[in-house]
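Asks: Residues per chain are reported as follows:
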Amino acid sequence: GAGVSQSPSNKVTEKGKDVELRCDPISGHTALYWYRQSLGQGLEFLIYFQGNSAPDKSGLPSDRFSAERTGGSVSTLTIQRTQQEDSAVYLCASSPLAGVHNEQFFGPGTRLTVL
Amino acid sequence: GQQLNQSPQSMFIQEGEDVSMNCTSSSIFNTWLWYKQDPGEGPVLLIALYKAGELTSNGRLTAQFGITRKDSFLNISASIPSDVGIYFCAGRGGYSGGSNYKLTFGKGTLLTVNP
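Residue numbers (the numbering used here), protein chains in the order written: chain A, 1 to 115; chain B, 116 to 230.
Everything labelled a hint here was simulated from the structure, so no lab data went into it. Some hints here could point you the wrong way.
Stated by the list, open to error - If the Cβ cut is set under 10 Å, some of the chain A residues that face chain B in the computed set are:
id: 1; residue: GLY40
id: 2; residue: THR78
id: 3; residue: ALA93
Unchecked claim - Pairs of lysine-lysine, DSBU-like flavour, derived with a Cα cap of 35 Å:
id: 4; chain 1: B; residue 1: LYS222; chain 2: A; residue 2: LYS15
id: 5; chain 1: B; residue 1: LYS185; chain 2: B; residue 2: LYS222
id: 6; chain 1: A; residue 1: LYS11; chain 2: B; residue 2: LYS166
id: 7; chain 1: B; residue 1: LYS166; chain 2: A; residue 2: LYS57
id: 8; chain 1: B; residue 1: LYS185; chain 2: B; residue 2: LYS166
id: 9; chain 1: A; residue 1: LYS17; chain 2: B; residue 2: LYS166
id: 10; chain 1: B; residue 1: LYS185; chain 2: A; residue 2: LYS57
id: 11; chain 1: B; residue 1: LYS222; chain 2: A; residue 2: LYS57
Said to hold, decoys possible - Listed next, the stretches of chain B that the computed footprint assigns to chain A, with coverage defined by at least 3 CB atoms under 8 Å from CB atoms of chain A:
id: 12; region: 128-139
id: 13; region: 216-224
No residue lacks a Cβ here, since even glycine has one placed at the ideal position from N, Cα and C.
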């Protein structure tokens with residue numbers, strides 16, 4: 001398919017473990033975004049990539065969260081020493097560029113459960 | 116941070132009825148977007164609004180960008196069972212320090228359609 005894909009679709013982990021979440025954006029999209037959706041809540045912005053650089057990391061909740069993007073394509077969101085409050089759906093989106101008329105296309109998300 | 120107030124939180128209607136939901140903000144946005152999210156999926160863009168006062172339709176959906184740029188509504192006419200899902204409004208840019216890429220989401224309206 002030509003859409004944004006994410007893996008795994010579900011991840012159950014124990015408190016204190018590290019997890020990596022992967023996002024494959026739409027081919028050719030230079031902008032990539034990570035959001036977090038907690039139960040019954042709207043989406044919360046985490047980080048934005050333009051190419052391989054992240055000009056805005058302002059939404060990352062703590063220094064346990066980090067993300068990288070390589071080759072202007074795949075991105076990985078890493079959560080170290082997971083806590084129960086990290087349980088949420090993590091959504092990735094991409095757009096051709098950033099800005100007006102460059103709307104974001106979302107992947108299906110990774111549901112993270114921290115026991 | 117910026118917040119969008121979306122209402123109602125949930126709606127339960129009969130097939131064939133019309134639906135209206137809205138979002139308000141204390142801050143101005145340059146773009147208003149409406150997304151729909153099905154269970155286990157990422158949000159899908161329904162309508163994008165770029166100009167104050169703009170009224171846009173997409174099939175049975177109609178959305179308007181408020182004149183003050185602080186609100187928007189979404190109407191669904193003649194609802195059908197597949198309209199079931201969570202509808203989110205999102206705003207981008209405009210307020211002091213606002214970016215041209217970061218989306219601020221409402222908490223969503225859960226729509227249930229009874230056949």
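Asks: Hint by hint, note whether the structure agrees.
Replies: Hints, verified against the model:
no. : hint                : in the structure
1   : GLY40               : 7 Å, holds
2   : THR78               : 20 Å, violated
3   : ALA93               : 7 Å, holds
4   : LYS222/B - LYS15/A  : 27 Å, holds
5   : LYS185/B - LYS222/B : 16 Å, holds
6   : LYS11/A - LYS166/B  : 41 Å, violated
7   : LYS166/B - LYS57/A  : 29 Å, holds
8   : LYS185/B - LYS166/B : 12 Å, holds
9   : LYS17/A - LYS166/B  : 47 Å, violated
10  : LYS185/B - LYS57/A  : 26 Å, holds
11  : LYS222/B - LYS57/A  : 22 Å, holds
12  : 128-139             : violated (count 0)
13  : 216-224             : holds (count 8)
Violated hints for the displayed structure, listed by number in ascending order: 2, 6, 9, 12.
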